[in-house]
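Engineer: For reference, the chains in residue letters:
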Amino acid sequence: MKLRKLFTLLVFTAMLSGLLVGCKGKTEDQGSQTTGTTNETKTEENKKEPEENKVAEETNETGGTVRIMMNVTGGKDEDEMKLFQDALSEATGLTIEIEKPASDYNAVLMQKLNGGEQYDLIYINMGDYMNLIDQEALLDITDRVKASDILTGNVDEKEWADITVDGKIYAGFNKKEVHRVVALNKNMLENVGIDYKTIDPSLDGYYQVFKKLKEASTDPEFYPFNAIISETWDLQPWMAAQGLKGGVVIDSDGKKYVPFASDEAAPVWEWFKKLYDEELLDPASFVDKTKDMRAKMGAASQKNAVTVDWAAWVGLHNANALAGGVTPDTYEIVSLPGVKTPDGSYMLAKGGASLFAVPANAQNVDGAIKVLEYFATQEGGELLSVGIEGHDYTVENGKYVLTEIGEAHACDHGAPFPIYKDFKHPVGYNPGVDEAVSYGEYASIELPIPNEGDYKAICGKWGIQIIKGEISALDGLAKMREELVSMGVTDK
Amino acid sequence: MKATKVYKRIKRYRFIYLMLLPVVAYFLVFSYYPLALGIFNSFRQVKILGGSKFIGLENYHNIIKNPLYLRALSNSIIVGAGTFALQFLWGLTIAILLNEIKSKIVKSAIQTATFIPYLLSWAVVGGLWITILSPTGMINGFLKIIQGDSFRPIVFMSEPAFAREIMIFTGAWKGAGYYAALFLAAIVTIDQNIYEAASIDGASRWKQIIHITIPNIASTMKVVALLAAMGVLRNFDQIFMMANSSILDKVQNLLYLIYNDGIIQFKIGPATAAATLVLLATMIISFTVRRLLRYDDSYRD
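Order-wise, the sequence lines are chains A and B. Just so we're aligned: 396 in numbering that gives the first Met the number 0 is position 397 of the first sequence, and the numbers increase by one with no gaps anywhere. Just so we're aligned: 266 in numbering that gives the first Met the number 0 is position 267 of the second sequence, and the numbers increase by one with no gaps anywhere.
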């Protein structure tokens, strides 16, 4: 009997201790998920943190621990993330602690913030930025940015303007956002006697190009043109024909509207319909995601010849082809700025910023600003692009040489284009990127809105119906406007 | 007097209660506390870093008057009920047919083949069916063989007319093997003497299935039906993976909207209010199905 009681007690103790391990304190729990440092070390550092911050405040010197919740940026795996963390710590003189969830970043971030976790920097995109400002979850760092020679001097003023909300700044930059361009398969064009530089920059000019490409192809699965129409991504180079800007625009009366949903957009939607009717537009464009489109544009597939994609992807297509032993005489992607606007210019879409914001409950704001400053320097840009010295690259006689790992990481550790305005890429961009980047003067960002998903889904849905001929362009656009208003995306 | 009795009983079984304590604590910490917090938040305007305030039923009011949520409820019920019905019949058919197969190898092979989709995530299954239904996929390939070169591929995944049917079919395809395994487990426990007796009396194989097999697995069917009823409103992964803007109106369900509000837009209050309503709706559906099936009666018998 006694033995039974003892056994029961032992089992109970074991189960209870197991449960308590699961419920251990927040500090330890945070530590267990932090990359690369031992729990013991972190616990000690966390204990030290308030004191160090106090010292930093008193002496006006930045120090202490900076906790960063990161996505996309950093090492490609846990080991490299540790190296990245060490490199960032060494460069800034701070103790950097990075958390990078393996998946479901937004869900993890929301749960952590809501659970009271304290970070000094969090990685977010422009949509999250607007939502978190709305929630008063971010710290206004306008004065700190303005007081920093590095942040004001090294970052283009236009970039700051893009993330200024009601005169306030709440974040610094992860990278410079580039724009999307019209990407073209140069070799396919040459095979039908077209020099891409001579393409007439009008809707009809491109229609003629698509027609020639289709006629010359014997592949029944080949469609000259593809776009991600279901997500309205990216129609800007074509809508430029009518001078219409993508996304939501605010008119002179302060009312929000979507130019792509206006009656002026009808000729462009009808042009898409003509392409679909004549099998020049890939019908999968109604359901394709960017990865599908890129796969079809890649050297291994070549089921499409013209798409709209990021400037960086022009280079990635070429680099991937070269890595696969495909030379530029058989496959090369080049770029153009699309169709001319009525006033003779071009219109391209620039990506919404990817940012490091300072949460309202950040403990080491000075440290966070120091990290943002480092990211805006040549050295910081190199860490975020080329990677970690000795791991991704070595310097031989002043020349940067990529290691095998560095080659595989393709000079992208979160910022293929660093935010530092005078950044000199130590290795050089992939073939075709310089040309694509040169069209940047025509690019502008879309107005950041919290319900961007609704905008894309509504425009995509009615756009597809117009293109399929299920509804006339004018009726479809009227329905599009109506639904945009009902969903609170626009005012008219 | 009563309290003394209770105390005595607790004292008597104290080690059993002690053993139960970790399990109770586990559920309190990991299930009931988040649930209670969610319900609590549904009455508040929640800010992600604190500073929330009590707003009564405003979140619920906003959800109920939001036509998107009403449409999502309808989509959830149609797709959920459709998937359950098809999956149930499909699983039952597989189980009955498997029971008729004499070769053990063939039986195992078919059972494995039908069960595998259940083990795969929706990321895999969704991608697979999107490919099969794409303009260059298998279905369009067959149609092209039948109709010739003039055939224009159908973009099935962008056709609202097919949207719910595709979700119901693919959902049932994924889960039919699982139901089949449950039904087959019940079928093999049926006393073989009953079949022999029926056979001697001249009952055909079909009649044996209708009058012996199905009535004898009724209790398993009730359990499956009840479990399925509890999951009708809980389908998220499939819609998240397979929906696109062309068909969203037809398939966007409650959990998809809750995800959009709560995770994408950080609107915790409305999301938790909607989640609480889903919980209530699930309870109502479960109790209704339980009552309709006379679930408790069968177990009392």
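Wrong hints could be hidden among the right ones.
[Stated by the list, open to error] The calculated DSS-like cross-link candidates involving lysine-lysine, where the alpha carbons are at most 27 angstroms apart (straight line), are:
#: 1; chain 1: A; residue 1: K288; chain 2: A; residue 2: K75
#: 2; chain 1: A; residue 1: K491; chain 2: A; residue 2: K244
#: 3; chain 1: A; residue 1: K254; chain 2: B; residue 2: K64
#: 4; chain 1: B; residue 1: K143; chain 2: A; residue 2: K273
#: 5; chain 1: A; residue 1: K244; chain 2: A; residue 2: K157
#: 6; chain 1: A; residue 1: K157; chain 2: A; residue 2: K255
#: 7; chain 1: A; residue 1: K210; chain 2: B; residue 2: K46
#: 8; chain 1: A; residue 1: K491; chain 2: B; residue 2: K52
#: 9; chain 1: A; residue 1: K290; chain 2: A; residue 2: K244
#: 10; chain 1: A; residue 1: K272; chain 2: B; residue 2: K143
#: 11; chain 1: B; residue 1: K52; chain 2: A; residue 2: K167
#: 12; chain 1: B; residue 1: K52; chain 2: A; residue 2: K111
#: 13; chain 1: B; residue 1: K64; chain 2: A; residue 2: K302
#: 14; chain 1: A; residue 1: K111; chain 2: B; residue 2: K46
#: 15; chain 1: A; residue 1: K455; chain 2: A; residue 2: K288
#: 16; chain 1: A; residue 1: K272; chain 2: A; residue 2: K349
#: 17; chain 1: A; residue 1: K288; chain 2: B; residue 2: K143
#: 18; chain 1: A; residue 1: K167; chain 2: B; residue 2: K46
#: 19; chain 1: B; residue 1: K143; chain 2: A; residue 2: K467
#: 20; chain 1: A; residue 1: K455; chain 2: B; residue 2: K143
#: 21; chain 1: A; residue 1: K211; chain 2: B; residue 2: K143
#: 22; chain 1: A; residue 1: K349; chain 2: A; residue 2: K145
#: 23; chain 1: A; residue 1: K244; chain 2: A; residue 2: K272
[What the hints assert, rightly or not] Under 10 angstroms between C-beta atoms, here's a sample of chain B residues computed to sit facing chain A:
#: 24; residue: I129
#: 25; residue: I144
#: 26; residue: G147
#: 27; residue: D148
#: 28; residue: F155
#: 29; residue: N243
#: 30; residue: S244
#: 31; residue: K266
Source of the hints: derived by calculation from the structure; they are not laboratory data. C-beta: ideal position from N, C-alpha, C; glycine also.
Engineer: Which numbered hints turn out to be false for this structure?
Structural biologist: 7, 8, 13, 20, 25 and 26
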